[in-house]
Structures are given as structure tokens and as C-alpha cells.
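There are 2 protein chains.
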Amino acid sequence: MEVFHGPSTYEREPSRHPALKINSKEPFNAEPPVDELVRSYVTSVDMFYKRNHGPVPVLEDISLYRLEVGGLASNRCSLSMDAIKQLPKHTVVATIQCAGNRRTAMSMTRKVKGVGWGLAALGNGIWSGARLSDVLEIVGIPKYSRVSAYGGKHVEFVSVDKCKEENGGPYKGSIPLFQATNPEADVILAYEMNGEELSRDHGFPLRVVVPGVLGARSVKWLRNINIIAEECQGFFMQKDYKMFPPSVDWDNVNWGSRRPLMDFPVQCAICSPEDGSYLDGKGKVTVKGYALSGGGRGIERVDVSADGGKTWTEAKLAQGPKSGLGYIPDDDDHRDKWAWVLWEASIEVHLPADIVAKAVDTSANVQAEHVETIWNLRGVLNNSWHRIHINGTSKQLHSNL
Amino acid sequence: MEVFHGPSTYEREPSRHPALKINSKEPFNAEPPVDELVRSYVTSVDMFYKRNHGPVPVLEDISLYRLEVGGLASNRCSLSMDAIKQLPKHTVVATIQCAGNRRTAMSMTRKVKGVGWGLAALGNGIWSGARLSDVLEIVGIPKYSRVSAYGGKHVEFVSVDKCKEENGGPYKGSIPLFQATNPEADVILAYEMNGEELSRDHGFPLRVVVPGVLGARSVKWLRNINIIAEECQGFFMQKDYKMFPPSVDWDNVNWGSRRPLMDFPVQCAICSPEDGSYLDGKGKVTVKGYALSGGGRGIERVDVSADGGKTWTEAKLAQGPKSGLGYIPDDDDHRDKWAWVLWEASIEVHLPADIVAKAVDTSANVQAEHVETIWNLRGVLNNSWHRIHINGTSKQLHSNL
Numbered sequence: 001m002e003v004f005h006g007p008s009t010y011e012r013e014p015s016r017h018p019a020l021k022i023n024s025k026e027p028f029n030a031e032p033p034v035d036e037l038v039r040s041y042v043t044s045v046d047m048f049y050k051r052n053h054g055p056v057p058v059l060e061d062i063s064l065y066r067l068e069v070g071g072l073a074s075n076r077c078s079l080s081m082d083a084i085k086q087l088p089k090h091t092v093v094a095t096i097q098c099a100g101n102r103r104t105a106m107s108m109t110r111k112v113k114g115v116g117w118g119l120a121a122l123g124n125g126i127w128s129g130a131r132l133s134d135v136l137e138i139v140g141i142p143k144y145s146r147v148s149a150y151g152g153k154h155v156e157f158v159s160v161d162k163c164k165e166e167n168g169g170p171y172k173g174s175i176p177l178f179q180a181t182n183p184e185a186d187v188i189l190a191y192e193m194n195g196e197e198l199s200r201d202h203g204f205p206l207r208v209v210v211p212g213v214l215g216a217r218s219v220k221w222l223r224n225i226n227i228i229a230e231e232c233q234g235f236f237m238q239k240d241y242k243m244f245p246p247s248v249d250w251d252n253v254n255w256g257s258r259r260p261l262m263d264f265p266v267q268c269a270i271c272s273p274e275d276g277s278y279l280d281g282k283g284k285v286t287v288k289g290y291a292l293s294g295g296g297r298g299i300e301r302v303d304v305s306a307d308g309g310k311t312w313t314e315a316k317l318a319q320g321p322k323s324g325l326g327y328i329p330d331d332d333d334h335r336d337k338w339a340w341v342l343w344e345a346s347i348e349v350h351l352p353a354d355i356v357a358k359a360v361d362t363s364a365n366v367q368a369e370h371v372e373t374i375w376n377l378r379g380v381l382n383n384s385w386h387r388i389h390i391n392g393t394s395k396q397l398h399s400n401l
Numbered sequence: 402m403e404v405f406h407g408p409s410t411y412e413r414e415p416s417r418h419p420a421l422k423i424n425s426k427e428p429f430n431a432e433p434p435v436d437e438l439v440r441s442y443v444t445s446v447d448m449f450y451k452r453n454h455g456p457v458p459v460l461e462d463i464s465l466y467r468l469e470v471g472g473l474a475s476n477r478c479s480l481s482m483d484a485i486k487q488l489p490k491h492t493v494v495a496t497i498q499c500a501g502n503r504r505t506a507m508s509m510t511r512k513v514k515g516v517g518w519g520l521a522a523l524g525n526g527i528w529s530g531a532r533l534s535d536v537l538e539i540v541g542i543p544k545y546s547r548v549s550a551y552g553g554k555h556v557e558f559v560s561v562d563k564c565k566e567e568n569g570g571p572y573k574g575s576i577p578l579f580q581a582t583n584p585e586a587d588v589i590l591a592y593e594m595n596g597e598e599l600s601r602d603h604g605f606p607l608r609v610v611v612p613g614v615l616g617a618r619s620v621k622w623l624r625n626i627n628i629i630a631e632e633c634q635g636f637f638m639q640k641d642y643k644m645f646p647p648s649v650d651w652d653n654v655n656w657g658s659r660r661p662l663m664d665f666p667v668q669c670a671i672c673s674p675e676d677g678s679y680l681d682g683k684g685k686v687t688v689k690g691y692a693l694s695g696g697g698r699g700i701e702r703v704d705v706s707a708d709g710g711k712t713w714t715e716a717k718l719a720q721g722p723k724s725g726l727g728y729i730p731d732d733d734d735h736r737d738k739w740a741w742v743l744w745e746a747s748i749e750v751h752l753p754a755d756i757v758a759k760a761v762d763t764s765a766n767v768q769a770e771h772v773e774t775i776w777n778l779r780g781v782l783n784n785s786w787h788r789i790h791i792n793g794t795s796k797q798l799h800s801n802l
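Residue numbers (our numbering), protein chains in the order written: chain A, 1 to 401; chain B, 402 to 802.
Calculated directly from the structure, the hints in this document are not laboratory data.
Do not take every clue at face value.
Claimed, not checked - Below, in silico cross-link-like pairs of lysine to aspartate or glutamate (EDC-like), each with a Cα-Cα straight-line distance of 20 angstroms or less:
1) B:K711 / A:D249
2) B:K640 / B:E566
3) B:K554 / B:D650
4) A:K310 / B:E770
5) A:K316 / A:D280
6) B:K640 / B:D650
7) B:K689 / B:D676
8) A:K310 / B:D650
9) A:K316 / A:D35
10) B:K554 / A:E372
11) B:K544 / A:D134
12) A:K111 / A:E13
13) A:K164 / A:E13
14) B:K711 / A:D35
15) A:K310 / B:E469
16) A:K284 / A:E274
17) A:K85 / A:D61
18) A:K288 / A:E348
19) A:K153 / B:E585
20) A:K284 / A:D307
21) A:K164 / A:E274
22) B:K490 / B:E593
23) A:K143 / B:D535
24) B:K711 / A:E13
25) A:K143 / B:E585
26) B:K544 / A:D251
27) B:K685 / B:E675
To be verified - The following residues of chain B were derived to be distant from chain A, with all beta-carbon distances above 12 angstroms:
28) K422
29) S464
30) S764
Note that the structure is predicted; figures quoted are calculated from it, not measured.
Even glycine gets a Cβ: it sits at the ideal position worked out from N, Cα and C.
Make the full structure from the sequences, and use the hints.
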């Protein structure tokens, strides 16, 4: 047995927080209660959603771990964890969101295939590790390269797990070489999350973090980095995580007709109160949620309505553990460009009420007003306006009779 | 009188094509007929929309023209056109779109302030000139700089025209230093458009082209480039071209509460047939239009409906003068990342018909379903689904009786 390997059974899974809502037990897929999400700008390791495609890999002896880097590069290298830690340590605050976040809601209008996720298939972490661009320099590829000397144009990340979708092979994915070699893109090989050693569920001992890109490309349990000519041909690049129109269903899908999804659109959701809650009396309610956009684009505004979308109140936004509500530095040097914003709005409600939230990003992109218009067979990227219904308590209902 | 100056009167305006639709005569603001737009991937100089804020500047003697570059940089310089032309010549295919494109349609739901524009306040040009990043190296600012040695973080472009909004001063705007010094951002100082010397209406002798950003930052008739600490404080950065929610109107607007718009959202429009057209008979109709997104994001898909949005057909996309419909290279090295795509769809219509088009960009961002949700007091960035109504001919109407 190799020192670092993906088991075939679920006998060596790590322990998890009992509050997590389990969407699939084997492989383990779970998300936190939604109100947990907005308690803290940085999501704790325990409460960060888990998205696995097979049993969690096992590393028997970290001193024997090696990251293999090769392919269409002048050199190849084999790096121990000590060697990786000797490279300059870089820290990025980045929200990782599963492409399937809010899939269950999309499935309500018309069934989709995929693990059901509520609103919490995302989290905001502080990731530390080596810059991918520094590692690529070791194999002879300079910063800001579009093509390597041997014609490499993509960088493939290969895990060590065993995925059913890959017929027992490892999970993999790729990003363009230019993104990988661009230090501004902040792609890192992370060995720490929130200041602690990476946990097994999140990719121990080493994972990729590709900020501003959907979670599927931030490969965990990293074993190989390959410089390749064309994008990775793995299942999750070619037969999944692509965007189809509502007119395409499983009987007429042509996977080859679309590009792999990378960047993601503007998104927001209401985390508190929860959909279907009962509230006492009427008056002001504090509504809280998150908002984010892909590609490093910031959030310009979040609008909240307590009357199903007739009138709107602008929410106060916050970013950074130290910043108060209403303050986001407006230049890229100071804001966390890869991270979500948390927001809150105090709004007058008349119960029962339909509360709606929608965000606008700094490129003025908006969310889809109705989920039906963005329905797709895999249920990815549901970024429709988030609508919840709040009831009055039964006492209040009686008083209305 | 200076060699290069903005007149106070409209006596020396250039001649313009008589087919242009004039939205304002003085200053001259005009757009081409919409069906002209989709005749050619590259928009001709004549048919390219004109957006001026005062009389067109006059250059008496090009040999005496000087571009002055200075501010928070180690050096300053004064460049003649010959000096600028001796720098490496760089060509970019880029669509420039006015933030007010489709303003008239937004104004229909609720009045906005600003020049009325139909669908054609944009055009796709081939721009050649010096890279801004090369010019900034001359004053001692290296490529990929975020801050200059003297604390400069923005690059301001100052025109030579006289604008009413600037109390007779010149039009100006700025972009972040990082964008200006990043050769990948393709910002150029253009002296040629479509292979010919820049025309007076489009900024002769030198203009900025900031690809992927709304037209307002591509300053024409360029005289000064200033490296500055904070973003430009000019009218068009601080009191205009900002995005407000529908709840903000002229009685409660706080311009200081928003950032200047730069990037723009996914957009598309139907150019043929035109809204309100009468068509003979029923059967297949070829619908044509354009689609684009900001920030270098590509167009993933355009959906067209002939029944008001109930069922959709995917349009064929085309980009590049030589490419056929249905072919867009899917990597950034080969597609024109800063340019629009033209599209067409052959759809079955039953007259009268409501035809709708909407685009999805490569980040999966979508257009707003209804213009009311993105209404803003200045009428900028109307990227709502484009809806047109087509009538049957009166003969057909009779046959239906």
C-alpha cells in the first residue's frame, strides 16, 4: 500500500461535527445549519461544508509525502512537505462555493441530478500555503506564462482519492497556465486552513485553492501537478460542472458542446431568519445573509424586500473580521477580493411575509429573478433571487381572526 | 490659441454619415440604424456611435502635438506623435459600449436623465496604438505595478474638450494603476481605428481604449496622463456613471456613496428584425443581434424565444471577420476577448409575435428579466432581456378575420 492513498471503504473517515446536515453519507457530503454561516466572517473548520467524492484519503507518514510536478515543463520535481513549507508562505482569504449550492431549490421546479444542497454549500476560509506560481518556477515555467516551453497551456491537479465517477480513479481538474502562473490570481497550494494544519476532510496534507472559481477546481489531497497541452479530460471537467440551457435534458445532452465552468455568477442568500420560520408579532426584523461573486468581482449592493419584491431596502455589508457593518474598503488592495460579504438589513414586516434578497456585483451583474430561467439538468449555479416565507405565530394568527 | 484645443462653438464639427440617428445635435450624439450593426463584425468608422460632451477638439498642427505624462512618477515626459508611434504598435479588437446604451427603453418604465439611446450605442473596432504600460515605463513605472514610487495608484486621462458638466473644463477619467500597467489588460493609446488614422469624432489624434470597461473611461482627444493617488475627481467619475438602486431618485441621491462604474454586465439585443416591424406570412424568421460582457468575459450562450419567453432556441454565435456562425475559439488566446459576438437564430414565428433574447456569459451571469428591477436614475447599464414585438402584415391580419 502506498504511503498516501484513497481507501476503497469508509472505515477510516474522520469525525465530524454532529450539527452538520448530511446530504450524502458515503461519500460524505454535508453542510452547516444556515444560521451558523452568518455568525462569523471566517467559517470554522468544523462548520465548513464537506464535499467528497469517495472515502477520505489516508496519509500514513507525512515525512514520506511527495508532490510530483511534471509534464510539459523543462524540469520535473518531487517536493516533500518540508520543501513546500520552505517556499514563501502566502495567505488568501477566499470563499469556496460548491457549484451545487442551492441545488435543492432548483430541483423544486423540475428535477435535477446531483447531491441535494441547501444554502450552505460554501464557506469562507483563511488559506495559507505556497503560491502555485512559485512551484511552477521550480519546473522552469516563469510567472505570467501563457504557454510553457513544451507547449503546456493548462495545469492539471490530480488527487489521490478513489471516485466512482472516475471508475475508481482519482478526482482531477485543471486551470489555464496563465491563471496558474499569474501571482495576482492568488492560486495556492494550501497546507493550513484558518491558521491550523489542514484537516483530512479539507484535503490534508495539501490542497489547491483557486480563488474566484467554483469549488470543483480546488482539488483536495493533491498528489500530482501536470503541465498539459489541453484542458484536463477528467469526468468533472468534461461530463459535469458545465452549464446547459433549460431546453437541454438528459435525453439530448451533448457534453462536448460546452466549456467547463470556472468563474461563477453573483450570488446571495438569506440565512436568518430561516425559510418557514414563525415569528412573534410584527415590526422590525433583522435579516442576515451572505453575498459573493466570482472572478474577484466585489459586491456592490444587496437589496432586501419584505413584501415579495415590491419595495426594497438596501442591506449593510461587512467584510473582514475587524470591520463593522457598512464598511468595505473599496479598493482591491484592502478588500478581500476573493471572499464573500456578510450583510444585514432591519426591515419592517407584516406577517406572514415573503422576504426576498438579491445582490448586484461591482460589474453590475444581477441575479436571475426566477429559478426556472436558469434551470439546468445538473442543478448547478442556482443564483436566483432568494425568497423565503415567514409565518406569524399561531397566537398572532388567532388574534387576526 | 493652443495648437490642440476644444472650441467653445460647434462651427468646426466634422461631417457625419446622414444615416446616423441623432440623439443630440450639440454636443453631437448619434447612433447607427440597428440593422447596420449586425451587418459586419467590425463596425465601420462612419457607423460607429458618436458620444461627445462638447464641440469636437481641433488640432492645428500634428507636428506640434504633445502628450504630457506626469504626476506621482519618477520622471515626466512629453511625447510627440512620432515618439508615440515609435513605441511597439499593439492592436486590440474591442467593443466600446456607452453606459447609456438602451437608456430610452429604461426611460419607458420611469423617466431617467440622460441622452436617449436606442440599441446601437456601441460598436466593435480594431484599435491600434501604443500600450499604456509601455508609456508608463518611460516615466519609471514598471509593468504590473500597484503603487508607483511616489504613491500613485490611479492613472488619470485628461482630454482637451470643453464640457458643460466640467464647467467648461475637459472630460477626464481614471483607471487603477494596476490595470494600466498590466499588459494583459490591453489598455492602449490608439492612433488608428480599423486600420486608418483615428477620425476627429473618435478622438484624433490620440485616445485611450480601455477594453472590457464602459466607454466613459476610453477618453478621447487625450492631452494629459497623470499618475494620481486617488481616483480622478472629475464629474464623470464622481457625479455620473454610477449605479444606484431603483429606490434612489434625484431627491435622495448621494453620489459619494457609490464607486465609479468600470466593468459592465452581460448584454444582448435583437437588431433584426426591428421592434414593431411588419412581416409577411408565417414560418421561419432569422433573428440577428449582438451580445457582449465586460471584463474580458466571453459569451457562453444566447437564447431566443418567439413566444414571449415560454420556449427558447439557442442562437449560433460568431466572432471574427473570418469565422463562420457557430464557431468561437474557446480559449483566450484565440477568441477576441474584448469584443462582442454576433448571433443569429432561425425561429418559427406565429404573427403577431413577441421575440425575446437573453445572453449568458462565461461566468454564468444572466441578464435582468425585467428592466424595472434594474431601473436607475441615470438610466445606465440597461441589460434587461430584449423584447420586441413583430406584427403580421395587414393582408395577413385580414386573412385571420
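Hint-by-hint comparison with the structure:
Restraint check for K711 (chain B) and D249 (chain A): the C-alpha separation of about 16 angstroms stays at or below 20 angstroms, so the hint holds. A hinted pair counts as satisfied when its Cα atoms are at most 20 angstroms apart, and K640 (chain B) with E566 (chain B) qualifies at roughly 9 angstroms. Distance restraint check for K554 (chain B) and D650 (chain B): the Cα-Cα separation of roughly 32 angstroms exceeds the 20 angstroms cut-off, and the hinted pair is therefore not satisfied. Between K310 (chain A) and E770 (chain B) the CA atoms are separated by roughly 15 angstroms; this keeps the pair inside 20 angstroms, and the hint holds.
For a cut-off of 20 angstroms, the pair hint linking K316 (chain A) to D280 (chain A) is broken: about 24 angstroms separates their Cα positions. Of the pairs offered as hints, the one joining K640 (chain B) and D650 (chain B) holds, with about 14 angstroms between alpha carbons and a cut-off of 20 angstroms not exceeded. A distance of roughly 12 angstroms separates the Cα atoms of K689 (chain B) and D676 (chain B); the hinted pair therefore holds under the 20 angstroms criterion. Distance check on the hinted pair: K310 (chain A) and D650 (chain B) sit about 16 angstroms apart at the alpha-carbon level, within 20 angstroms; holds.
Distance check on the hinted pair: K316 (chain A) and D35 (chain A) sit about 18 angstroms apart at the alpha-carbon level, within 20 angstroms; holds. In summary, the hint linking K554 (chain B) to E372 (chain A) is not supported, as the alpha carbons are separated by about 44 angstroms, beyond the 20 angstroms threshold. As the CA atoms of K544 (chain B) and D134 (chain A) are separated by approximately 19 angstroms, the hinted pair is consistent with the 20 angstroms bound. For the proposed pair K111 (chain A) and E13 (chain A), the alpha carbon gap of about 31 angstroms is over 20 angstroms, so the pair is violated.
Simply put, K164 (chain A) and E13 (chain A) have alpha-carbon atoms about 17 angstroms apart, close enough for the 20 angstroms limit, and the pair holds. At most 20 angstroms may separate the alpha-carbon atoms for a hinted pair to count; K711 (chain B) and D35 (chain A) exceed this at roughly 37 angstroms. Between K310 (chain A) and E469 (chain B) the alpha-carbon distance is near 52 angstroms, which puts this suggested pair outside the 20 angstroms criterion. Restraint check: the Cα-Cα separation between K284 (chain A) and E274 (chain A) comes to about 16 angstroms, which is no more than 20 angstroms; the hinted pair holds.
The suggested pairing of K85 (chain A) with D61 (chain A) holds, with an alpha-carbon distance near 16 angstroms, which does not exceed 20 angstroms. Distance hint between K288 (chain A) and E348 (chain A) is fulfilled; the C-alpha atoms sit about 14 angstroms from each other, no more than 20 angstroms. As the CA atoms of K153 (chain A) and E585 (chain B) are separated by approximately 16 angstroms, the hinted pair is consistent with the 20 angstroms bound. For the given pair, K284 (chain A) sits about 13 angstroms from D307 (chain A) by alpha-carbon distance, which is consistent with the 20 angstroms threshold.
Using a Cα cut-off of 20 angstroms, the hinted pair K164 (chain A) and E274 (chain A) is violated, with the two alpha carbons roughly 35 angstroms apart. Our distance criterion of 20 angstroms between C-alpha atoms is met by K490 (chain B) and E593 (chain B), whose separation comes to about 10 angstroms. The suggested pairing of K143 (chain A) with D535 (chain B) holds, with an alpha-carbon distance near 19 angstroms, which does not exceed 20 angstroms. The suggested pairing of K711 (chain B) with E13 (chain A) is violated, with an alpha-carbon distance near 47 angstroms, which exceeds 20 angstroms.
Between K143 (chain A) and E585 (chain B), the direct Cα distance comes to roughly 13 angstroms. Compliance with the 20 angstroms bound is thereby established for this hinted pair. Pair hint K544 (chain B) plus D251 (chain A) does not hold up; C-alpha atoms about 51 angstroms apart against a cutoff of 20 angstroms. In summary, the hint linking K685 (chain B) to E675 (chain B) is supported, as the alpha carbons are separated by about 16 angstroms, within the 20 angstroms threshold. Residue-level check passed: K422 (chain B) sits 26 angstroms from the nearest beta carbon of chain A, beyond 12 angstroms.
Annotated as non-interface, S464 (chain B) keeps its C-beta farther than 12 angstroms from every C-beta of chain A; the closest such distance is 38 angstroms. The Cβ of S764 (chain B) does not lie farther than 12 angstroms from every Cβ of chain A; its closest approach is about 4 angstroms, which violates its non-interface assignment.
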